[in-house]
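So the sequence lines, in the order shown, correspond to chains A and B.
Just so we're aligned: 193 in the working numbering is position 193 of the first sequence, and the numbers increase by one with no gaps anywhere.
Just so we're aligned: 513 in the working numbering is position 513 of the second sequence, and the numbers increase by one with no gaps anywhere.
Calculated directly from the structure, the hints in this document are not laboratory data.
This structure is a prediction, so every number in the text was calculated from the model and none was measured.
In this text, a Cβ means the ideal position worked out from N, Cα and C, and glycines have one as well.
Any given hint could be a false lead.
As the list claims (entries may be wrong) - DMTMM-like cross-link-like pairs, simulated, lysine to aspartate or glutamate; straight-line CA separation at most 25 Å:
#, chain 1, residue 1, chain 2, residue 2
1, A, Lys83, B, Glu503
2, A, Lys75, B, Glu503
3, A, Lys176, B, Asp463
Stated by the list, open to error - Distance ranges between label pairs, derived from CB positions:
#, chain 1, residue 1, chain 2, residue 2, range
4, B, Pro215, A, Asp143, 24 to 34 Å
5, A, Trp84, B, Asp531, 39 to 49 Å
6, B, Arg422, A, Asp39, 57 to 67 Å
7, A, Val68, B, Ala499, 32 to 42 Å
8, A, Gly363, B, Leu133, 19 to 29 Å
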Amino acid sequence: MCFTKMKAAWSGLTAVALSAASTSALADYTLNMPVGVTDISKEVYDLHMLILWVCVAIAVVVFGAMIVSIFLHRKSRGAVAAKWHHHTGVEIAWTTIPFLILVGMAVPAARTLIKMEDFRHSEVSIKVTGLQWKWKYDYLITDEDGADRGFGFYSTLDSESNAIRQLDSGRSPAEKENYLLDVDNRLIVPVDRKVRVLLTSADVLHAWWVPAFAAKKDAIPGFVNEIWFKVNEPGVYRGQCAELCGRDHGFMPIVVEALPQDAYDAWVAEQQAKAGVSAAARPAAETAASGESGQASETAPQEWTMDTAMTMGEKVYQTSCQSCHQAGGEGLAAAGFPALKGSAVVTSDQVAHLDVVINGKAGTAMAAFGGMLNDEEIAAVITYERNAWGHETGDLVKPSDIKAAR
Amino acid sequence: MSTTSAAVHDHDHHDHAMTGWRRWLFTTNHKDIGTMYLLFSLAMFIIGGSFAMVIRLELFQPGLQFVDPGFFNQMTTMHALLMVFGAVMPAWVGFANWMIPLQIGAPDMALPRMNNWSFWILPAAFTMLLSTLFTSSGAPASGWTLYPPLVLQTGDAFPFAMFSIHLMGFSSIMGSINVIATILNMRAPGMTLLKMPVFVWSWLITAYLLIAVMPVLAGAVTMLITDKYFGTSFFSAAGGGDPVLFQHVFWFFGHPEVYIMILPAFGIVSEIIPTFARKKLFGYSAMVYAIAAIAFLSFIVWAHHMFTVGMPFAGEVFFMFTTMLIAVPTGVKVFNWIATMWKGSMTFETPMLFALAFVFLFSIGGFSGLMLAIAPADFQYHDTYFVVAHFHYVLVPGAVFALMAAAYYWLPKWTGNMVSERLGQIHFWLSAIFVNLLFFPQHFLGLAGMPRRIPDYATQFTDFNMWSSIGGFGYGLTQLFFVFIVIHTIRGGAGKATAEVWEGSHGLEWRVPSPAPHHTWEEPPVIRADDESVHS
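The shape of chain B in the complex, shown without the other chains (with noise of 0.2 Å):
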C-alpha cells in the first residue's frame, strides 16, 4: 500500500499523489479503494460479531440474565445485517478491486470514480443503520429477513433502516457493473475468457447475480415502506395483500445473495489449492461451468425457505427437488477440489489451511443444507438451530475462512510483507476448533427442538448451549488476534516478500512486484497463446 510508484510512468500524467484523508475520500484507485473496503468489512465484522457475543452471552444458560428479549432481538437482526452486508459482501468487493485488475492485466477499475462512490456510501449506510441503536425503540428486531407484518411494528428505526439498505444496493450494483464492464473489456491482450483466473470469473457470475437480484431486495423494501406510510396493503390480508409475498419477493432476492457470499469463496478456494498443492487446478472448465450452473439454479430454489407458508404440493415439491439439484455442482467441486491436491506436493501454510479447512467444513454446510431440502423433514428443521447451525457453516468456516484464506494469501502482495506463520497457525487452529464448539452443537440443538430467535430456553438445551457460547466466546476472541496480526504484518511481519510470494503461485498478480506499486500493468502484458501459467 505504498505511494511511491516503482514502475515509470511514460505518459506525461502530473502526479497526483494526494497525502492525508484527502487521499482516502477522493482516491480513484483499485488499490487504495480495495484496502478501504476490506478495512470497512473488518470493521463491521468486529462489530456484527461483537452482536453475537451478546447473543451467546445471554443463551449461555437458561433463564434471562443480561438483555430484555426485544434488545436480544435487536442484536440477532443487526448482527445479521451487519455480517451480511457490512462484512462478507464488503470484504469481496474489496477483494474484487484489489485482485481483478491485477489478475486481468488492467490498470484499475473501468469506472475509477463511480468506484470511489460505491465504497463511501457504505460508511453513511452503516452509520445510519448502527444509529437506530439509540433511538427511544431501538434497532429493527424483526431480523434481518424483515417479514411482515412484524417488522411494521418496528418504531422510528424504521425508515433508517429500509433507507440504508437501498443505499447498500446502490453500492453493491455499481460495484458490480464495475466488475463486469472491467473483465469484460480490460483483459489483457491474449487473456481470453478461458485462461482468467477462476477467482475472475467466480466474480464475473457474481457480479450478474447482484444485478439481477439487489433492486429485488430494493423493491421489497420499498413495499414495505408503503404499506407502513402510504397506505398500501401488499402484504396486508385486510387490503388485498398477502404477507406471504413479502417472503417471496425476498427470497428471491435471498437466495442468490447467499450465493453472492459464496462463489468468490469458491474462487479463492480454486487459486489457493493448486497454488501450495504445487499442481494446476483440476478442471478449470468445469469448475467455471458449475460456478455458472450454481448461479443459474439459485434463481429457482428461493422458496424453500419457506416450506412451512402453507405452499400447494406442487410448490413444495418443485423447490425440494431444484434444491436438491444444486448440490450437484457444489458436488462437483469439491471433488475437483481434491482431485486438485491428489498427487499434488503440498505445503500447508496458513492460507492452505484455511482453504482445506473451507472444503471440510462448507461441505458439512452443504450435507446439512441437502437434509433441509427434504421438504417433510424441513417441517421439523425450520425455524430451529439446525438451520442456524447449516448457514453458520458455510458462511463461518465457509465465506469468512475463504476470506482469511485470501488475505494471508494476498497480504504479501499488497504490504511487501511476509506473515508470520507462527501467528498465522494459531489464528488458524482456535478459530478452527472454536468454529466447531461454536455451531456443531446447534445441530443437535436444532434436533432436539430449540427454536431460532429466543433469548432463553427449556432446560434441556443447556449443556449444548454452553458448548455453543464457549465456542463463541474463544472463537471472537481469536477474530481480534487477527487484527493483530494484520497489523504485524503492516509494520515489518516476517520479513520481505519477493513478487513470487508462494513457491507455485500462478497469475499475473504474482508478476508485479511485493508491494504491488500504486499503478500497476500500465502497460498491458500481452498473454501467448499457450501460456497456461496466467490461471490455476
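With the rest of the complex left out, here is chain A (with noise of 0.2 Å):
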C-alpha cells in the first residue's frame, strides 16, 4: 500500500514549502512575511524566521520519526511489537531540552517587545481614530506658543474600489491597481523620524495595521493606544483595518507614504494653509471650510439654492451614505439599514431628520455625522434626501439651520 509513500510526500512537500517561504526573495511572492521597512519590522521578521527554523527542524525530526516506524515497525513487514512501554529518563529528557529550545526563542522576543514598546523621543504626532468605515487622522502639530497648527483629514477606501466592490458591479477587481488598498486621502509620515501614532475609536473596536511597519494595535472607543514606527525609505505603505468592526471591515484599508523631511515639511505646510492653521494666516477670516477639516464654516460663499443643496448633496450621499443606505435609497434591511426612500423621517419629521445625521443612532451603525460632514454638506445631503427619490417635499434645508441645531 503506498500509505508509506504518500506520508513521505507530504512531509517533503511540506518542508520544501516552508523553506522556500524562508528565502527572502520569495517574500515579494506574497509567502512569506514581509521584512518591511523600520528596524522593527526587520526584527519581528528574524524573530519569525527563527521561529520558523526552530519548527522545521523539529518537524523535520519528530514527523522522521514517525515516517520510519511507520515503514518498519508495520505488521505486514513481520515486526513483532516490544514489551517496554515507559521510561523515565527519556520522559525527562524530551521535556526538559524543548523547555530549553523555548527559553532560547523567549529572549530575544522579549528583547523585541521592550523595544516596541519604548515611546519616548517620538518626533511627531499623530492621532487616528478608527470609525465605522473609515479612518480619520489628526497631526497634532502645537508651536512654542502652544496654539493649535495642527489640522486633520478622513481617509476612505478609494471611490473605484469602492464601485467595483458592489455586489453585482459587473466590473472586475483586476481594473483598479491597488484594488481595496487604496484611499482618498494618505497618512502622511517623513522618513527617519520617530512617529507615534496614538490610536483611538469614534465608535465600536477597530485595528490598525500597516505590515511594512509590524505595526499593529487595536483602536478602543474611550481609550487611547500608542504605536510608534521610523520609516527606513521612502515609499508608499498599505495596510488594512485588523479587527471586526461591521459590513465594511475589509473596505476601511490604510494607506502610509513616507516622503524626505523637505516633501513631508511642503506637505504640512500646504495642510496647515487649508485649514487655516499656517503660522502666518489668520484664522478666523477664512471661508468655506474644506469639508475634510470638518469645521463649521462661516457662511457660505454663494448663494443657497435647491441646485447647489441638491448637487452637492448627492455627492455627499455618495461618498458618505450610499454605500449603507444604497444608492435608491431604498436600505439594507438585512444588515440592518434602513430605507430613507418613503421614510416618515425623511419624507416628513425634518427635526428628526437633523438629529439622526447630526447625532447619529446610538447602538446601531449609524454614526453621527455631525463631527465629520460640516453644516453645508449636511444641509445639503439632507435637502438631497428629501426630494430625490420621488420625494416631492420641496425642502430646503439650510446650512444655518444645522449650526442651529448641533
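Using the hints, build the complex out of the two chains.
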C-alpha cells in the first residue's frame, strides 16, 4: 500500500514549502511575512524566521521518526511488538530539551518587545481614529506658544475600488491597481523620524495595521493606544483594518506615504494653510473651510439654492451614505440599514432627520456625521434625501439650520 | 443500538422498553443519549459546514459575487458558533456518554435523568440560534467571539443568540457534573484511577475545565445583555467601563474552551495508536500528567488572544512565556505517541489512519501556535489568515479527525457491524488531502497580509484563496460521504463484528458483545490488581 510514500511525499512537500517560504526573494511572491522598512519590522521578521526554522527542525526529527516507524514497524513486514512501555529518563529528556529551546526563543522575543514599547523621543504625533468604516488622521502640531497648528482629514476607500466591490457591480477587481488597498487621502509621514500614533475609535473596535512597519494595535473607543514606527525608506505602504468592525470591515484600508523631510514639511505647510492654521495666516477670516477638516463654515460664499444643495448633496450622499443606504435610498434591511426612500423621517419629520444625521443613532452603525461633515455638506445631503427618489417635499435645508441644530 | 438485551436481567425491574418517539424523548440510557448527541453533532457539523461553503464560495475570487458583506459576517459567526458549540463539544459528550460507563465497568452514568435533559436542551438552543438567521436584521455578525461594542449593534437576533448560549452552557455544565460523578463513584472494583483508560482521564479533566469556565462565559454574555438592555456600562468607556474587559472575561473562558475541544481527542489517540500498534501506550502516567498540566496551564494563557489590545509590557511578556510553556506537555504527548508506534507491529485500518494523521497535522497546528505565541511576531499574525490556518489545523485535522477516528473505532461496537475498510479509506484520503489544500495556503495568506473576516480581498491573495476554496468544497463533499458510510454501517456494513473487534484492543468495552446490549455491566467486572489490559 502506498501509504508510506504518500506520507513521505506530504512531509517532503511541507518541508519544501516551508523552506521556500524562508528565502526573502520569495517574500515578494507573497508567501512570507514582509521584511518591512523599519528596524523593528526587520527584527520581527527575523524572530518569525527563527521560530519557523526551529519548528522545521523539530518537524524533520519528529515526522521523520514517525515515517521511519510507519515504514519499519508494520505487521505486514513481520514486525513483532516490543514489550517496553515507559522510561522515566526519556520523559525527562524530552521535557527539558524543548523547555530550553523555548527559553532560547523567549529571550530575543522579549528584547524586541521592550524596544516596541519604548515610546520616548517621538518626533511626530498623529492621532488616528477608527470609524465605521474609514480612518481619521489628526496631526497634533502645536507651535512654541502652544497654539494649535494641527489639521486633520478622513481617509476612505477610494471610489473606484468602492464601486467595483459592490455586489453585482459587473466589474473586475483587476481593473484597479491596488484594489481595496487605496484611499482618497493618504497618511503622510517623514522618513527617518520616530512617528507616534495615538490610536482610538469613535464607535466599535478597529485595528490599525501596516505590515511594512510591523505596527498593529487595536483602536478602542474611549481609550488611547500608542504605536510608534520609524520608516527607513521613502515609499507607499498599505495596510488594512485588523479587527472586525461590522459590514465594511474589509473596506477601510490604510495607506501611508513616507516622504523625505523637506517634501513632508512642504506638505504639512500646505495642509496647515488649507485648514487655516498656518503660523502666518489669521484663522478667523477663512471662509468655505474644506469638508475634510470637518470645521463649520462661517457663511457660504455663494447663494444657497436648491440646485447647489442638490448637486452637493448627491455627491455627499454617494461618498458618505450610499454604501449603507444604497443608491436608490432603499437601504439594506438584512444588515439593519433602514430605507430612506419613503421613510417618515425623510419625508416629513425634518427635526428628527437633522438629529439622526448630526448625532447618529446610538446602538446602531449610524454614525454621528456632525463631526465628519460641515454645515453645508449636511444641509446639502439632507436636502438631497428629502427631494430625491420621488420625494416631493420641496424642503431646502440651509447650513444655518444645521448650525442651530448642533 | 438494538433494543433487545443479550445480557440477563437478574434483578426484577419491569421491562420499560419504550418505542418510537417516546423512547428517544424520555430515555435515560447512556447509549441512547450518546447516540442522540452524536447524531445531533453530525447534523450541526453539516449545517455549520454549509456556512463555511458559503464563505469559501464568496472567497473563491476577489470581488463580491454572491453575498452581502453583512451576511458574510453572519456566516462566519454562525459557522464558528455551530462548529464549536454544536458539533465538536456535543460530539465529545456523545462519546463520553457511550464509552465512559463501558470503559469503567459502570451500568450507566451517575445521573441518568439529568443526562437526558442535558441533551434535549441542545436542539432547543440551536433551533433558537439558527432561527436568528430569519430575523429581519439577520443572525449575529460580530464573530463568534462576540466583542462589544460591535455585538451590541446586533438587531433582534441578540437576545435569542445570548439565551441560546446560556442554554448550551447549562447543558455542558450538567453533562460535566455527570461525567465527574460517574468517573469518581462508579468505577468497577479494582479499577483504580491510574488503571483507567486515558480517554476516561481526558474526560475527567475536561469536565473540570468545563465546570470552571462555562459559568464565566455565562457571566460575559449576561454582561452583554445588561449593557444592551439594562443600562449598565461594563464594556463602555462612557460609563466607566472598558471593551477590553469583555475580551479578558471571554478569553478566560475561551482558552480553556479550546483545550476542552482537544483533550478528549488526545484521549482518543491514546486509545487507538496502542491498539493498532499492538503495543501498550508509552508513558501512561506521563500522558495523564501531561493532560493535567495542559489543563492547568490553559488557565494562565488567555491574553495571547489579545496581544494587540495595548496591554502593559509585563502582561504581554507573562502571557508570551506561559503560552510558549504549554508547548512542553503537548510535545511530550506527541513524543509518547511516536514511542508507542516505535517497535510496534502496526496495521493501518481507518481509525489508525485518522489517528496518525491527527498526530502529524495537529503538530503542524501546534507549530503555528508556537509562532503565534511570540508576541512581537504576533503583531503581524494577529487577525490574519495565519491565525485562521492555525486554529483550523488544530480543530479540523485535529479535533475532527480524532472524532472521526473514534467513530470508526467504536462504530462496530455500537452497531455490531464492521465498517467497510474500502469506504473508510476513501473517506480518509479524500479528507486528508482536501483538508490540507483548504488550510495550508491560509498560512501564506496571513503572512502576506490578508486579514480575517473579510468577504473580499486585494488581488494578490487570489491564487491561494482559490486553492483554499477548492479544498473547502472537496472537504465538504467528502464529509457527506461520511454520513453515507455511517448509514451503510448501521445497515450491515462489511459484516458482523466480534466483541473484540480489533486485534490488539484493550479495555472493558471490548469484553461486552457487539453490538453492545442496551444495558451492560449490570454486574460490575472485578479488575484484578495485576490486570493491565483494562487500559492502553
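Q | Violated constraints from the hint list, given by number and in increasing order | A | Failing hints, ascending: 4 and 5.
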